[in-house]
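Chains as they are written, first to last, in my numbering: chain X, 1 to 292; chain B, 1 to 663; chain R, 1 to 175.
Be a bit skeptical, because a hint or two may be false.
SDA-like cross-link-like pairs, simulated, lysine to any residue; straight-line CA separation at most 20 Å [stated by the list, open to error]: (1) R:Lys58 / B:Lys410; (2) B:Lys256 / R:Ser136; (3) B:Lys40 / B:Ala59; (4) B:Lys475 / B:Arg608; (5) R:Lys58 / B:Arg608; (6) B:Lys426 / B:Glu377; (7) B:Lys609 / X:Arg292; (8) R:Lys142 / B:Glu377; (9) B:Lys251 / B:Lys298; (10) B:Lys40 / R:Pro97; (11) B:Lys426 / B:Lys170; (12) B:Lys426 / R:Pro97; (13) B:Lys531 / R:Lys142; (14) B:Lys337 / B:Lys426; (15) B:Lys300 / R:Asp99; (16) R:Lys142 / X:Gln199; (17) R:Lys58 / B:Ala28; (18) R:Lys142 / X:Ile96; (19) B:Lys298 / X:Ser94; (20) B:Lys531 / R:His96; (21) B:Lys300 / X:Gln199; (22) R:Lys58 / B:Arg579; (23) B:Lys218 / B:Arg608; (24) B:Lys475 / X:Ile96; (25) B:Lys609 / X:Glu289; (26) B:Lys410 / B:His177; (27) B:Lys337 / B:His177; (28) B:Lys251 / B:Pro186.
Calculated directly from the structure, the hints in this document are not laboratory data.
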Amino acid sequence: MTESATNDIRAAARRLLADGTVSVVIGYGDAGPNRTVPIFARTAAQADRLVVSHSALNNLTVYLTRALRPVGGRIAIVAKGCDVRALVMLMSESQIAREDVYVIGVACAGVTTSMGQPMSAETVAAKCRDCIVRTPPLYDELVGVQCEPPATSDVLDRRIAEIEAMSAHERFDYWAAELELCTRCYACRQVCPLCYCTQCIVDRSVPQWIETSASPRANLSWNLTRAFHLAGRCVGCNECERACPAGIPLSLLNRQLAATALREFGYVPGIDPAAPALVGSYDLADREEYIR
Amino acid sequence: MKLGVFICHCGENIGRTVDCPAVAAACATIPGVDVAVDYKYMCSDPGQNLLINAIREHALDGVVVGSCSPHMHERTFRRACANAGLNPFMFEMANLREHCSWIHDRGPIPTAKAADLVRIAVEKVRRNDALIPIRVPVTKRALVIGAGIAGIQAALDIAGAGYEVVLVEKEPSIGGHMSQLSETFPTLDCSQCILTPRMVEVYQHPNIRLMSYSEVEKVDGYVGNFSVTIRRKARGVRAELCTGCGDCVQKCPIKKKATSEFDEGLAMRPAMYVPFPQAVPNIPVIDRAVCTYYRNGKCKACEKACGRGAIDFEQQDEMVTEEVGAIVVATGYRLYKVDGSSGYDGYGEYGYGRYPDVIDGLQFERIASASGPTGGEIERPSDHTVPKKIVFIQCVGSRDESKGISYCSKICCMYTAKHAMLYRHKVHDGEAYVFYMDIRSGGKGYDEFVRRAIEEDHVHYVRGRVSRIWQRDGKYIVRGEDTLAGVPVEVEADMVVLATAMIPQATAPRLAQTIGVPYDAHGFLVEAHPKLRPVESSTAGVFMAGACNSPRDIPESVAMASAAAAKTLVLFGSDVLEREPTVAHVDESTCAGCFRCQSVCAYSAISRKEIRNRDGSLRATVAYVNDGLCQGCGTCSATCPSKSVELVGFTGEQIYGEIHAMA
Amino acid sequence: MNADVVDTGVVRAGVESAGDDNAGTGAAGAPWEPKVVAFVCNWCTYTGADLAGTSRLKQQPNARLIRVPCTGRIDPLFIIKAFESGADGVLVSGCHPADCHYGTGNYHARRRWTLFRSLLEFTGIDATRLHFSWVSASEGRKWVDVVDGVIDEARRQGPFERYHALARPEAMIDD
């Protein structure tokens, strides 16, 4: 991502605001070296704070979900490929209409694992390694230049393979240890664009399906349920893991389930807005050899 | 809440294995249980009275009976509760017999288990809600789509019972394919002779509103309350003025530009035409694609010929809306065309479409028909000579997975035998060959019919398939195999008749989507249950009859039509439809409008509902369950991540209570 | 009958596991017995279980059936809650594909199960604890084989110690 991409973003935002196409541009705002913060640009001055960089980590589509969406008019959003996949899911789940959002797609060269780091082979986010949407699948205009991010090892898939190679008891102990650290802050849920339920299942007390206390058992129930509710929906933006204050490797749960969805059902979420939902459709030939 | 627990001994069936008094005593200690007794036979009269009296004396809010399977007596005890003044849904059963006393040896274990099972039922009933059956008003008018023999039968049955029927047919005349047949198996009845009286009866019936040359465009609503939009296509003729004299048809100069659909392309028809002489209604139609007036504004010979001023060139399609309570779909079939035009490939090697004398079954019917293009003489389409050798090929397209049609079309064995017999009756020195894989003649008199073809009419039956047909010296060489003799066979034929597969109408899938009923990969409508509900679809209020569901012959189609009419009359039997209230319900305050529930509903019971602010602006779009359509499976509820849709009677709270009771 | 079956609490002890206690003996001195929860559909499996009863086919008493209209109704939350409530084994059973009373409920359930099972296996709760079956209304014998198989497997695995160890009783709301 180059200087020109940042200039392009600012020019696009200024133009869209000036000619009334949109009333707000949601994008990444400059917050110092290798740092961005989400900004809602409503004026030309605010638009001039927009940047495109390797630190554009947030999945801004979370601001398109109903509770968080700015009111009044069409919205422009700056979105990388992984973010656009989340937007495609929101569209296919009737959360936002295509005509209500103007997508400024970012042809992406990868982002860093966390804020405050320049891009390198050591700092590039694990999710960028096998990204299939370096050019977003959907956009109204495109900025940036797509190129390969620095090469990195397949750390996520190797970790998943390591866990899968453990015995059932070892796997259980591994996750029990990780989830013991969960404090039930729900940052993972808050930052996920697809966790938009008006009342989350964990907040339902009659009946209380998921205990709200932060016991390891309740934490396991919460994280299993959230991962399952994202089956066939999680697009792998990994913001949940980045947001987790306890450093729990949440992306492993979602990624393993996404691998199952691909292997069993050939399903890849967030590419085609017209594709039927994974859990919501079926095939007569769906696998069932484990069913007696 | 005040609960009552009643433990049944069921004579010895439970009592011998489970210590019923002990179970009752154990349940008395459950919080909220006011009454806990045991009795020999709860389902008997005195048993039910015990229940009723206890409900009244103790003002019980909920009841658990520990006895047999709910499949046996849930209804019995619900009725008893209702008699006692307690809502029948404040009742649960614990299965202490099939699931306990009958599968364990006597001892403390089944007694302990029985107490457990009752405790689980108590936790469920504690969370039950009083439910009122859902009442849906019923419009006692029916819509029948398709006026072939099945649609005609259904319409006559429903109309005969005193209800109004709207009968919609897309062709200019009713009668369907049966009107094209020459004779029907196994009696060799003249098809039109038995059909036309029915057609006239339909036309004249005071309760039947016939809309011919019309198509169903849109279906809204649900069982008992459908609103159907029908397009009445413009014939170019004012029906109320036309006397059916036929002068306009005579005078129409465009006689050679259009082929007759009724005669399956074997003859021409004028631009102004009636499909066949016995058409009902006997009102002509202008084919605007070939009519001179519509092409360049000239001619108008028909208008000049019409003594009644019935021609109306400006006539437009008219959209009408009908309110009905039930729909019967009887759209029938078409034949698979080997030239690929029906959407399936295959059998091009038989030369259909290339060789004029290679024809299909319906074309042969037209040739054999006395009112057909050859006056009933068996003639070759190419040169009108009489064929001395005809080869009939069965299973063209059917039973062939690789061509996409895996099923058997059921009628071809019978009509091929019939065709061969008709040919032999008319051409005494002619020879008929039938290439077959199997002979399927399972109906009444059917096998005897085929034997007659073989033994009396000397039709040659060759077991084997035909690999290819080609021309040589003016003959069609049909090459196949006689698998019983184990030799290849070549027949020099003058004409070949292909028994092509029966497939649904091309518009069947779109119509099924319009109505909201499921259809299969072939386009056949899917019945609610293959064994026990063959004429109902899974959409309440929509029934089906005849070949639109699967290949079938005339007697079966007529039987299905009367069955579908009977189902319609059951629906019309009451002014109000009462349904079990254990259906899904949406909490609109928490529904996030993702509509995953809608995608899993097998009954199209979930729709989108807009919630608006007072100023009219849209606040949210949420899911809405039509409790007239919901069948209560609960798949929506399990799919909803926030549990905004719950299945009444099996709510999350109730199931949670049951699970927790096992702790 | 024995006096110790009058009090509900003692009645349960003969059948249920010692829960968080050590594997071995339960409260009343009886050997530990696994607790199995079975979520079954009304039209097929529940009726199949009825048939097993009508045919007087003996089976082990450790299973408690929860009846739902269709396997489509079964949410993975039920399965999690069953484990939380002390189940040592969970069985989910319904109509064979193409036989669902509601047409397609079991197809949706099947897909859900494949995904959920994969997730649970990844976290160490595997097929020794969670089982699925298709049992039709005519398969009484099969029902017995399935439910006995699940109970036997749960007994072989022992109490779900690892899982119960994750609980923090003092933090929980337990009605």
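How the hints compare with the structure:
For a cut-off of 20 Å, the pair hint linking R:Lys58 to B:Lys410 is broken: about 46 Å separates their Cα positions. A threshold of 20 Å between alpha carbons decides the hint, and for B:Lys256 with R:Ser136 the separation of about 62 Å lies outside it, so the pair is violated. About 23 Å separates the Cα atoms of B:Lys40 and B:Ala59, which puts this hinted pair outside 20 Å; it is violated. With a CA separation close to 64 Å, the supplied pair B:Lys475 and B:Arg608 exceeds the 20 Å bound.
A hinted pair counts as satisfied when its Cα atoms are at most 20 Å apart, and R:Lys58 with B:Arg608 does not qualify at roughly 50 Å. Taking the CA atoms of B:Lys426 and B:Glu377, the gap is near 8 Å; set against the 20 Å cutoff, the hint holds. Using a Cα cut-off of 20 Å, the hinted pair B:Lys609 and X:Arg292 is violated, with the two alpha carbons roughly 41 Å apart. Using a Cα cut-off of 20 Å, the hinted pair R:Lys142 and B:Glu377 is violated, with the two alpha carbons roughly 63 Å apart.
Proximity of B:Lys251 to B:Lys298 is assessed by CA-CA distance (about 14 Å); at most 20 Å being required, the pair is judged to hold. For the hint linking B:Lys40 to R:Pro97, the alpha-carbon distance of about 41 Å lies beyond 20 Å, and the restraint is violated. Distance restraint check for B:Lys426 and B:Lys170: the Cα-Cα separation of roughly 35 Å exceeds the 20 Å cut-off, and the hinted pair is therefore not satisfied. The hinted pair formed by B:Lys426 and R:Pro97 fails the criterion: a straight-line CA distance of about 52 Å is larger than 20 Å.
For the suggested pair B:Lys531 and R:Lys142, the alpha carbons sit about 23 Å apart, so the restraint of at most 20 Å is broken. The suggested pairing of B:Lys337 with B:Lys426 is violated, with an alpha-carbon distance near 27 Å, which exceeds 20 Å. With a CA separation close to 61 Å, the supplied pair B:Lys300 and R:Asp99 exceeds the 20 Å bound. Only pairs whose Cα atoms come within 20 Å are accepted, and R:Lys142 paired with X:Gln199 is rejected, the gap being roughly 41 Å.
Using a Cα cut-off of 20 Å, the hinted pair R:Lys58 and B:Ala28 is violated, with the two alpha carbons roughly 29 Å apart. This hinted pair does not check out: R:Lys142 and X:Ile96 have alpha carbons roughly 49 Å apart, beyond 20 Å. Only pairs whose Cα atoms come within 20 Å are accepted, and B:Lys298 paired with X:Ser94 is rejected, the gap being roughly 54 Å. A hinted pair counts as satisfied when its Cα atoms are at most 20 Å apart, and B:Lys531 with R:His96 qualifies at roughly 16 Å.
Proposed proximity of B:Lys300 and X:Gln199 is contradicted: the alpha carbons are some 70 Å apart, above 20 Å. Of the supplied pair hints, the one linking R:Lys58 and B:Arg579 is violated, its CA atoms being roughly 38 Å apart against a limit of 20 Å. The hinted pair formed by B:Lys218 and B:Arg608 meets the criterion: a straight-line CA distance of about 18 Å does not exceed 20 Å. Of the supplied pair hints, the one linking B:Lys475 and X:Ile96 is violated, its CA atoms being roughly 67 Å apart against a limit of 20 Å.
Distance hint between B:Lys609 and X:Glu289 is unfulfilled; the C-alpha atoms sit about 40 Å from each other, more than 20 Å. The straight-line distance between the Cα atoms of B:Lys410 and B:His177 is roughly 16 Å, inside the 20 Å bound, and the hint therefore holds. Under the criterion of a C-alpha separation no larger than 20 Å, the hint pairing B:Lys337 with B:His177 is consistent with the structure, at around 16 Å. Only pairs whose Cα atoms come within 20 Å are accepted, and B:Lys251 paired with B:Pro186 is rejected, the gap being roughly 41 Å.
In this structure, the hints that do not hold are numbers 1, 2, 3, 4, 5, 7, 8, 10, 11, 12, 13, 14, 15, 16, 17, 18, 19, 21, 22, 24, 25 and 28, in rising order.
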